[in-house]
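Engineer: In case you want the letters, here they are:
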Amino acid sequence: MTNTSHTPDNGIIELLRRQLPAECVLSSVEELRPYECDGLSAYRNLPLVVVIPETLDQVRTVLQLCSANRVAVVARGAGTGLSGGALPISDGVLLSMARFKRIIDIDTENRTARVQPGVTNLSISAAAAPHGLYYAPDPSSQIACSIGGNVAENAGGVHCLKYGLTVHNILRLEILTMDGQRLTIGSQALDSPGYDLLALLTGSEGLLGIITEITVKLLPLPQAAQVVLAAFDSVEAAGTAVTATIASGIIPAGLELLDNPAIKAVEKFTHTGYPEQAAAILLCEVDGSQDDVDTQIKRINQVFRDAGATELQVSHNETERQRFWAGRKAAFPAMGRLSPDYYCMDGTIPRKHLARVLNGIASLSAEYALPICNVFHAGDGNLHPLILYDANTAGELERTEELGGKILELCVAVGGTITGEHGVGLEKINQMCVQFNSEELTQFHAVKHAFDPQSLLNPGKAIPTLHRCAEFGAMHVHGGKLPHPELERF
Amino acid sequence: MEQLIASYRETLASATQSDTALRIHGSNSKAFYGRPVNATALDVSGYTGILDYSPPELVVSARAGTRLADLDAALAAENQLLPFEPPRFGPDATLGGTIACGLSGPRRPYAGAARDYVLGITCLNGKGELLRFGGQVMKNVAGYDLSRTLTGSHGTLAVLLDITLRILPRPETELTLCRPADEAGAIRLFNRWAGQPLPLSAGCYHNGRLLVRLSGFEQGVRAAAATVGGDEVTDGQSYWESLREHRLDFFSGEQPLWRLSVPPATPPLQLEGQPLLDWGGAQRWLTSDLPASTIRAAATAAGGHATCFRAAGRDDVFQPLSADMLALQQRLKASFDPAGILNPGRMYPGL
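Protein chains in written order, with the working numbering: chain D, 1 to 490; chain E, 1 to 351.
One should not assume that every hint holds.
Dumping the calculated SDA-like pairs for lysine to any residue here, alpha-carbon to alpha-carbon at most 25 Å [stated by the list, open to error]:
hint : chain 1 : residue 1 : chain 2 : residue 2
1    : D       : K217      : E       : A77
2    : D       : K217      : E       : A73
3    : D       : K217      : E       : L321
4    : D       : K298      : E       : P169
5    : D       : K352      : D       : G405
6    : D       : K217      : E       : R188
7    : D       : K352      : E       : A184
8    : D       : K217      : E       : P56
9    : D       : K217      : E       : T300
10   : D       : K298      : D       : S248
11   : D       : K352      : E       : Y53
12   : D       : K217      : E       : A184
13   : D       : K217      : E       : G112
14   : D       : K217      : E       : T227
15   : D       : K352      : E       : A77
16   : D       : K298      : D       : P222
17   : D       : K352      : E       : I50
18   : D       : K298      : E       : Y53
19   : D       : K101      : D       : N10
Worth flagging that the hints you see were computed from the coordinates, not collected in a lab.
If we strip away everything but chain E, and leave its shape as in the complex, we get:
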């Protein structure tokens, strides 16, 4: 692995020298997400392996090329899990791609996002310098929190190498309840429940059906189920997995798939198209042919933003930043990658 790192460093240093843009990738499972990058491929999927895992520490370190499936299996064997329930979008999805994209699954509003569980990252910046930020401990305020800043930066700041994550025990009991509802009613219920001490771990609404998941110790989950009400779904876990992996019928259409991230209690957005609510109302999927400007205006008005999550060949994927904010983010990018060789344009032009 030392040799592999040396070869990445050499590639980066010479790319910086020669101004050669690089497209960093693992298994390409999330190649659809983000703006297209036309550049020389740098495949980092060979940098694999779990480095350190001692379950009582609730910490795991693994190389970025490690398959998420392998990491999940290792944690499951010890009755633990990645609390942010990341989607894979492909059988060989890697840990590095997951963290670079910063994606989180249905548990996110109740358990936290990918960035919340990142404790430390070793990476190579654009110049090929090997840098380590954060560490193996949960409480760590030495230096800027660059490991969390790297999370969700789409490989535009650095090539991720080793990633240390906080993990949690797998809930002993999980139970999914279902009830009929309309969209506005579902939003009200999600937020009323979230304001009470209930062991919620997922909440989704689509097509007249509200589903909610409870996780924790058996007695507490049973008691909460009586408070929440609804019919118990027998194969709840497979439903949440299908939602996480976008395998529900809702996601199979040809129309562009939009992701609107809004404050959870935002009333129904009244946008033409098919909605599906996840994250207890905080993440709203929409399949729609409406112009980007219309969708973005609605998300902005609600206090959020909209991403064109899946649509072939679009370059207005992420919500535009204000000129001041874009300039600041460009300066931040330049601090890591002065030659602008790492996934240039993946998020925004000039970033």
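This is chain D alone, in the form it adopts within the complex:
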């Protein structure tokens, strides 16, 4: 996946240099290197040039130059994305929005914040906190990830079971189209006339426009939050407890599951106090007024006991609550210390198939002889199987990718999706062929064409070409049924 060969200049660097300050245009290999990948470091590629504009006019200039010269543009925020969405294109421009990091305005009366795309997710909540408000979506990378990237990926997080994804928590976007046209999408009101382009832009992975400003909704900080930590002697029992919790009329703020390999990995490095013998643990957080929290904690304890919990702990103060979460939050770094490399998947399934899919993942893990830990958002069925591998062992990355693909296909087979919150990017582009048929993909391309007729914004990501699917389908024939049979094979 590594491409170190550098494409010769097509004239765009000189054009950019002529119109932008020197420090905004990077083109030496050493300068380009930090931009060769995003959070999915298995995929690397150097762009032709990196542009880091400081003003909106400069962004427009970049787009107009690229549009006129038919040069592809890949937008990048903080580069924490996990699907290769910001992977550069060899003969294209990498447009970094990192310098747009101003919180423009916090409107406490209407409970909104106007921010630039490079602002980090967490800093919005930090700025809103003195007013008793916060921004709800909280991807685990929230300390580093930028809100522009959150919108492009429709980022989720631990609390989206109750508070929704990015799409539910933004009101307005300012965008520039590929030809430099400025458009306002949405408004400060709760809806806007015409089609809901706000939903369309959210999660569009940089294929439709460049986001230059975002107005987000702010919510009042909950008065109280408490976590229940429950241990189970089978993953099935934990899965039943998840379903029973929701069935009891409670919408937890977060409901997370760690399986035994994950618990052990976490304990080894953090000593959080998770029960190491448990087959699975659940972390269930509820928030609201203290009265509501009391009601819900009582009920959850009962539900978990009925589902066969072998151990129950409730956080009694903020320190304890933080401690319960510390292990979960350290889970990914812990994997990094346990194994030379890990690969994080992101399928989502209807909750009722949790046990079935987890068993399926266990069999695949055995078949491929690659260990898998499961740490995930159980409440909304968003799985994050972590495949542990060693990229230095010949062929192991390829086997890992194949195993990952199988897991995603399993998710689709039970009515789920190949990506819950990380996006398709380049990583899951083949699995898009499994989830969507040719007519649906054609419709996606037609929508893209309405925004970007020259197909210059992040080309090759998110939506596969039909030819790509035909090639992929030729390799993956399911039950004798060839996907996309109408296409030529080559």
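Fit chain E to the given chain D structure using the hints.
Structural biologist: Below, chain E without anything else, positioned relative to chain D:
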């Protein structure tokens, strides 16, 4: 039902071939809403039935022709509900019409809109191609979010077939409080409360009276009621239903009914006519004979927009879009419906 889909596909494909405009409808309960469409009727009210409903999943799938009343009853039997509290505007209102119009009721500012609860849609585009977007799960970022884009598109992009929605448990306790207020005071209170962790689920002001609804677990609702204050209304639920269905006296006049969608803390708009505030100040109804331009200018100045919600025969229903925006939306429409046969002109000329 397979046959029904086949017949719709055939109708669409041949209409695209022959450039025949179609007016898609269910029970016609919302025929008043939007610009008039003069075209051959395509009745989709026969495509009915709940497809999949397992309550602990908090997800329901139903065919577009399913009566909203039937869906509500099925959910109520499991102590669940559609959180966006959609208005019906008629006994036979269908799920498809509700989603196509994208309408939400009093719970909207606190719980979210119709589009927020749409998880997946199977539809037919103008060419009669059967397309499925989204799915049955809440977190899903594969492909463009076209199921939400279809919500509120008034049938101008596709014929909706199967719709999957996220649903929520019915709140265990609901309580409505009432107090005297003036308009400016009501707006201040709505927004002060919304900035605090209170279990609000509706807020309305009309004619010197502020009503607010609290929903949740009993203990929490009781405690919040003490914070909010006011007199408890005994038949609160029927009040919110009357508001949702436009059955309050306010809605019975002959004057055009305007809907102004503005940031919730916007001060009183000082427009000549009768105002009623819903959505905690974010949705302002106005009965008024003022010219559209005056009303729209006021809404725009506040950061919102105005819709002429009910008025016979008008064609300037929705707030005009900028030329650039209209052109983009026309291209989007053409990507679904290249021949322009689906409800042409329902929202805007050329859309």
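Engineer: Please name the hints from earlier in the document that this structure breaks, with their numbers sorted from lowest to highest.
Structural biologist: 1, 2, 7, 8, 18 and 19
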